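Each chain, written out:
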Amino acid sequence: MSAAPPKVLVIDDEPPIRKLLRMGLTTQGYEILEAPNGKTALDLLAQKPDLIILDLGLPDIQGIELLRTIRARNDSVPVVILSSRGDEAGKVAALDLGADDYVTKPFGMDELLARMRAALRHQLQVHGERPVFKVDDLSVDLVRRIVKVRDEEVKLSPKEYDLLRLLVQHAGKVLTHRFLIGELWDDLTDAQYLRVYVRQLRQKIEADPEQPRYILTETGVGYRLRAP
Amino acid sequence: MADQRRDFDQRPSPDALLEAARREESRAGKLRIFVGAAPGVGKTYEMLTTAHARKRDGYDIIIGVVETHGRKETEALVEGLEVVPRKRIDYRGQQLEEMNLDAILTRRPQIVLVDELAHTNAAGSRHPKRYLDVLELLERGIDVYSTINVQHIESLNDVVAQITHVRVRETIPDSVFDRADAVELVDIPPDDLIARLKEGKVYVPKQAERALEHFFSPTNLTALRELALRRTAERVDDQLLTQMQEHAIQGPWAAGERVLVCASEDPRAAGLVRYAKRLADRLHAPWTALSVESRRSAQLTEEERDRIADTLRLATTLGGEAITIPGGDRRIADDLVRYAQANNVTQIIIGKSARSRWFEILHGSVVHDLIRRAGNISVHVIAGEDGDGDPIAKRPAADQTPAFDPFPYAGALLAVAIALGVGELIHPRLGIENVDLVFLTAIVAVAVRFGLWPSLLASVTASLCYNFFFLPPIYTFTIADPTNVAAFVFFIIMAVLVSNVAARVRTQAVTAMARARTTEALYVFSRKLASVGTLDDVLWATAYQTALMLKVRVVILLPENGTIVVKAGYPPEDTLDDADVAAAKWAWQNDRPAGRGSDTLPGAKRLFLPMRTGRGAIGVIGIDSDKPGQLLTPDERRLLDALNDQGALAIERVYLVEDMDRVKRTVEADRLRSALLTSISHDLKTPLASILGAAGTMRDLGGSLSDAQKADLLATIIDESERLNRFIANLLDMTRLESGAIVPNSAPHDLDEIVGSALRRAGKILVRHRIELELAPGLPMLDLDAVLFEQVLFNILDNAAKYAPAGTTIRLQGWRDGGNVCLQILDEGDGIPPDDLERIFDKFYRVQKGDQVRAGTGLGLAISRGLIEAMRGTIGAANRSDRCGAVFTITLPVPTDARRLDTAA
Numbered sequence: 027m028s029a030a031p032p033k034v035l036v037i038d039d040e041p042p043i044r045k046l047l048r049m050g051l052t053t054q055g056y057e058i059l060e061a062p063n064g065k066t067a068l069d070l071l072a073q074k075p076d077l078i079i080l081d082l083g084l085p086d087i088q089g090i091e092l093l094r095t096i097r098a099r100n101d102s103v104p105v106v107i108l109s110s111r112g113d114e115a116g117k118v119a120a121l122d123l124g125a126d127d128y129v130t131k132p133f134g135m136d137e138l139l140a141r142m143r144a145a146l147r148h149q150l151q152v153h154g155e156r157p158v159f160k161v162d163d164l165s166v167d168l169v170r171r172i173v174k175v176r177d178e179e180v181k182l183s184p185k186e187y188d189l190l191r192l193l194v195q196h197a198g199k200v201l202t203h204r205f206l207i208g209e210l211w212d213d214l215t216d217a218q219y220l221r222v223y224v225r226q227l228r229q230k231i232e233a234d235p236e237q238p239r240y241i242l243t244e245t246g247v248g249y250r251l252r253a254p
Numbered sequence: 006m007a008d009q010r011r012d013f014d015q016r017p018s019p020d021a022l023l024e025a026a027r028r029e030e031s032r033a034g035k036l037r038i039f040v041g042a043a044p045g046v047g048k049t050y051e052m053l054t055t056a057h058a059r060k061r062d063g064y065d066i067i068i069g070v071v072e073t074h075g076r077k078e079t080e081a082l083v084e085g086l087e088v089v090p091r092k093r094i095d096y097r098g099q100q101l102e103e104m105n106l107d108a109i110l111t112r113r114p115q116i117v118l119v120d121e122l123a124h125t126n127a128a129g130s131r132h133p134k135r136y137l138d139v140l141e142l143l144e145r146g147i148d149v150y151s152t153i154n155v156q157h158i159e160s161l162n163d164v165v166a167q168i169t170h171v172r173v174r175e176t177i178p179d180s181v182f183d184r185a186d187a188v189e190l191v192d193i194p195p196d197d198l199i200a201r202l203k204e205g206k207v208y209v210p211k212q213a214e215r216a217l218e219h220f221f222s223p224t225n226l227t228a229l230r231e232l233a234l235r236r237t238a239e240r241v242d243d244q245l246l247t248q249m250q251e252h253a254i255q256g257p258w259a260a261g262e263r264v265l266v267c268a269s270e271d272p273r274a275a276g277l278v279r280y281a282k283r284l285a286d287r288l289h290a291p292w293t294a295l296s297v298e299s300r301r302s303a304q305l306t307e308e309e310r311d312r313i314a315d316t317l318r319l320a321t322t323l324g325g326e327a328i329t330i331p332g333g334d335r336r337i338a339d340d341l342v343r344y345a346q347a348n349n350v351t352q353i354i355i356g357k358s359a360r361s362r363w364f365e366i367l368h369g370s371v372v373h374d375l376i377r378r379a380g381n382i383s384v385h386v387i388a389g390e391d392g393d394g395d396p397i398a399k400r401p402a403a404d405q406t407p408a409f410d411p412f413p414y415a416g417a418l419l420a421v422a423i424a425l426g427v428g429e430l431i432h433p434r435l436g437i438e439n440v441d442l443v444f445l446t447a448i449v450a451v452a453v454r455f456g457l458w459p460s461l462l463a464s465v466t467a468s469l470c471y472n473f474f475f476l477p478p479i480y481t482f483t484i485a486d487p488t489n490v491a492a493f494v495f496f497i498i499m500a501v502l503v504s505n506v507a508a509r510v511r512t513q514a515v516t517a518m519a520r521a522r523t524t525e526a527l528y529v530f531s532r533k534l535a536s537v538g539t540l541d542d543v544l545w546a547t548a549y550q551t552a553l554m555l556k557v558r559v560v561i562l563l564p565e566n567g568t569i570v571v572k573a574g575y576p577p578e579d580t581l582d583d584a585d586v587a588a589a590k591w592a593w594q595n596d597r598p599a600g601r602g603s604d605t606l607p608g609a610k611r612l613f614l615p616m617r618t619g620r621g622a623i624g625v626i627g628i629d630s631d632k633p634g635q636l637l638t639p640d641e642r643r644l645l646d647a648l649n650d651q652g653a654l655a656i657e658r659v660y661l662v663e664d665m666d667r668v669k670r671t672v673e674a675d676r677l678r679s680a681l682l683t684s685i686s687h688d689l690k691t692p693l694a695s696i697l698g699a700a701g702t703m704r705d706l707g708g709s710l711s712d713a714q715k716a717d718l719l720a721t722i723i724d725e726s727e728r729l730n731r732f733i734a735n736l737l738d739m740t741r742l743e744s745g746a747i748v749p750n751s752a753p754h755d756l757d758e759i760v761g762s763a764l765r766r767a768g769k770i771l772v773r774h775r776i777e778l779e780l781a782p783g784l785p786m787l788d789l790d791a792v793l794f795e796q797v798l799f800n801i802l803d804n805a806a807k808y809a810p811a812g813t814t815i816r817l818q819g820w821r822d823g824g825n826v827c828l829q830i831l832d833e834g835d836g837i838p839p840d841d842l843e844r845i846f847d848k849f850y851r852v853q854k855g856d857q858v859r860a861g862t863g864l865g866l867a868i869s870r871g872l873i874e875a876m877r878g879t880i881g882a883a884n885r886s887d888r889c890g891a892v893f894t895i896t897l898p899v900p901t902d903a904r905r906l907d908t909a910a
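Chains as they are written, first to last, in the working numbering: chain A, 27 to 254; chain B, 6 to 910.
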């Protein structure tokens, strides 16, 4: 873990939002870089931020376009999207293009911070930090492939385990339908199948499958495993 | 005296003012006519000279048509002016050239020169007469210069013919001459004109050379010159009069004169009408042409009826009124006098009787009766010229059967035979006096049943039978007893008289019945139109009724997209050939009849009449029949007008109803919009007020507030902000729904998944209620848009949370019902008033609940319904049957191709 405070690049054209983020993030120990438009953002990319917060509704360049450019230059920096209500298509497009998570405006600071933490953690997790994932009553041992709910082992089919593993590896982050399907199947594109598997998985690990606590539905976008 | 005059009403006459106003502001072109007494005075020359002067002044002036007749001086003047090439028309193998009206209209000059205003155009031109072309040019705002000779003026036609013994056929109506804005008299002394003729400077048609000797005599020319001068002076007089009327100057005109002229089928009637116009002009009085429809009118031939119609039309052209009144059984003279007295007529004009004395003795003379009964009214008896009508073969009138029908005559003979039989029976008992009464009965019966001629046959036959069978010596045709001879003679006389009277009564009855039938048909038609609602029905009814009553083919055209289009017809047909289309368009644009038998485009197959109401023309009706000759008799024309008017009114009514509906919808939309604005302003201000208040308090009183109070204020700020957020979201959803921007992105979903996520999203709102979820296991996947459906559930849960008291349970149930899946949300609040169960889904509708409840936008349920219906489901509200509370039920169809997925993998 780096000792220097993480650098966050905030790309948003509205001064009040930038001010809010500046206040919220600096109190949490983050360092802020601000860009009011795409051009400035691309310039500031040179300073190698650890996380980017990108508003999809920018004035001079489409948020999606900017995301594409950022990803072209830097494949791995986590990006959290600020989107507006009702723009499911935009969210999904951004996520499929490589954004890591999204927050819908108006948002609560706590939600944003949680998503940021999840995105950063993912970065760290890739490098194999913690082998056993635990949240509430659910524990998943990725090395030995054992899933336990309240210390009782749960038998999962291979596909179900793969699905859970993906969710765990990106815990706290939203995973789009398309991403999940792409990872789990070679040729299937119908999200229906995915939903069936999610339902089955919920039946096995959730206390109340109809009001799940672990595998959360992001309506119209995908699924997210609750972060610990 | 002068004081007396000043006491009179000094206001300008309204007609004069109207005329002046129309002149000033009208965009109609101005007409300048160059009038001459005879050909050769130099009208065309004068016109061209004036044209050059205007051109030098800078006006855009072109030549439409100018006849130079080979005269060098005139031809020289044509140089330098733009000439519109003439249109070539093929007529029976001949190439004729006429003025190109359309080219001039397209060119749109300021002034155009049109020579010889009275010229008749070749068949195939838009208008049969050149002056009609000129009228159209004037209507489009183009000024026209034109020329005529004095003999071309309609009302002077007779007078000139009397002077010169040459009757000119090409005339222009007086109204056109009077309409001219400027009249220039081109005048040269007769001697000079004769000199010019000798020099060969005057155009002379070859055929007329013979008559020309007489025409160009000094006396003639002087008379013509005087006529021209006088007529021009009359025009000046008129203009002066109008000016005086405009300025309310009392003039020396005779007050209260009124002229009446009788229009009969007599060929001289046209001359009488012209005389009437001249008399009326001299007296500055209004005048009327009157036609009396007596029982004799039913016996007129086609030609005679046409003549009456033409005479009436001539009267209108000349500026008078044309009236037709039905006659009583009395003499015509009585009808005339009655009308004259009722309308304050002071002068009656009637033609000298041309009948023989014998006829006059038998039938009476209208003229004598009139003179005797006229009282204070002056009667002018005019001897007209001999008629100038072309000999047309006499055709019987349409309502008399042309073919010889033997049936009535056979019936007559039968009746007499029966009478004979009866007579023989009663003869022995009742004597000879009663036998003739039996015969008379038979004759009367025949007269009433069969008409005049069969009854006359019956009379003759009965007389002979009476003589042969009953008068001694019987079985011979001689009569022995002189008293019997007398009786016989009187019998014959009575027979004939009775026949006559009975036949007359019968004819009247037949006419009356026919008229009653027509009226009845019109009445039924009017009732039908009143009951019919749609435009198509109205058009169909009108077309059908017109075709039925007039026995013609009908098309009705209505305006659409700037042009006029066939909308209905009987027999049904929707294509017209080019000539008809042109005629229909012209009739529509100019609000006048066009087509067959009219003044414009007479070559078209159909006659087109504009359908007019008080607000103007709303369509065009076209009629056509295979009958040769005139399309409609004047009677039929009147009937057509009646049907036309009714049809037009019905169409207008349909349009007005549509307009009314549109206005209602607009009013409703406006109402909704203002409700929206009121609602928004209130619902925006309320949470904002809370937010501002709380934040302000935090800032201003922060130091003196406890932590708990601060936390409370902050909670208020956050809650109210979220409420505001939801409200704005609802508004956006409603807007998108209404504009059709919401297209569901449906895919198979599990109900429980969406219910779960909706519950999660509404978590904060439902925090004070218990949630019970009971979804049947194994529910099939449904075709839903997840985001939209989640929104619906959210809205309903939000609603339930508002109206159900804290601590109560909100229950969700789901099950399958045949081809649908049902989801119910039940609460334990007060329920919904039964009247409002449907209205709660209206926009902005909120059940009144007092101030305790935080009001919502009133949009949530409306949006829910819109979204569910977009996903092809239904949503309804009801009250719970087991306890107090509301239940919302959503049903969604199970997709028919639900797939069973293989989940073994």
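These aren't lab readings, by the way, just hints derived from the structure by calculation. Model, not experiment: these values are computed from the prediction. Where a beta carbon is used, it is the ideal one built from N, C-alpha and C, also for glycine. Treat the hints with care, as some may be off.
As the list claims (entries may be wrong) - In silico BS3-like cross-links for lysine-lysine, where the CA-CA straight-line distance does not exceed 30 Å: (1) B/K357 to A/K45; (2) B/K590 to B/K556; (3) B/K610 to B/K590; (4) A/K131 to B/K610.
As the list claims (entries may be wrong) - Label pairs and their calculated CB-CB ranges: (5) B/G708 to A/E40: 37 to 45 Å; (6) B/D835 to A/T215: 45 to 53 Å; (7) A/R239 to B/R773: 46 to 54 Å.
Against the structure, the hints come out as follows:
no. : hint                         : result
1   : B/K357 to A/K45              : violated (112 Å)
2   : B/K590 to B/K556             : holds (24 Å)
3   : B/K610 to B/K590             : holds (14 Å)
4   : A/K131 to B/K610             : violated (73 Å)
5   : B/G708 to A/E40: 37 to 45 Å  : violated (31 Å)
6   : B/D835 to A/T215: 45 to 53 Å : holds (49 Å)
7   : A/R239 to B/R773: 46 to 54 Å : violated (21 Å)
Hint compliance for this structure: hints 1, 4, 5, 7 are not met, and every other hint is.
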